[in-house]
Amino acid sequence: MTQLDHALDRTVIVRAPRDIVFSYFTDSPRWARWWGEGSTIDPRPGGSIRLRFTGGAEASGEVLEIVPPRRLVYTIGFASGTPMPPGGSRVTIELEEIAAGTRLSLRHEFAEAAARDHHVQGWRYQLALFANLVADDRAADAESIVDAWFAAWSEPEPERRRWLLHSAVTPQVRFRDRYSLIDGLADLEPHLQAVHTFMPGSRLERRGGIRHCQGTVLADWTAFGPRGETGRGANVFTLDSDGRIADIVGFWGAAGG
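If you count the sequence shown from 1, position 231 lands on 231 in my numbering, and the numbers rise without skipping.
Treat each hint with caution, since some may be false.
[What the hints assert, rightly or not] Simulated restraints, written as ranges between beta carbons of each label pair:
#, residue 1, residue 2, range
1, Ile13, Tyr179, 30 to 38 Å
2, His118, Pro68, 25 to 33 Å
3, Ser105, Gly38, 23 to 31 Å
Bear in mind the hints are in silico, worked out from the structure with no lab data behind them.
Small disclaimer: the values here were computed from a predicted structure and weren't measured.
Beta carbons: idealized from backbone N, C-alpha and C, even for Gly.
Just need the whole structure built from these sequences, with the hints factored in.
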């Protein structure tokens, strides 16, 4: 390989455990979901890499080093055209496990500064696609998790309510809205009991589908009392790397709005 004196670096947080993140570098179907249909990777030193982009461009390279679940090094270049030939650059991906999930650090080394500059926005885009892909897979259950949250608010029976909460939230869950400033499940449980003590017959229902982006979920809701609708609003949920709710912010709107 020619001397690679020019590099770009980018670090992102992926909201999933490191083992899960690394599996997208060792499984060709997952690799293809990231890069494009027909993309493949043979995850061993000397194994071939192929990237097929929308529009027909194709790149190829070779795995130089693979250390599960923390490091992948490979060469890459374009099969035709510019800015570099096949194998003409080197990519190093390092994964570090952190509380929020996985810190992904990427270094792409090039022989020419122009080729490096050409790839800056490309990696900004591709790593966003990657983080969304992994987060979408991890949050495949997000709708049922959110529904368990609303069901817990609507459940008058303490043991059933406790089961719903434990299935949906982390022990350190935080919740804030106009009437709540909660830190931890041990604080949340008596808070919900107070709802049913002082406002019997209260319930919350999700309104419409959820919206999800990289571990953040937005869901609209309607509140009801014994005499009908009492308010509407939205919750913003932050999911932890295992897909449970770690943080909620509630926003109230006008009743019937």
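Structure-based check of each hint:
1. Ile13 / Tyr179: 30 to 38 Å: Since the Cβ atoms of isoleucine 13 and tyrosine 179 sit about 32 Å apart, the hinted range of 30 to 38 Å holds.
2. His118 / Pro68: 25 to 33 Å: This hint holds: roughly 31 Å between Cβ atoms.
3. Ser105 / Gly38: 23 to 31 Å: At 28 Å between Cβs, range holds.
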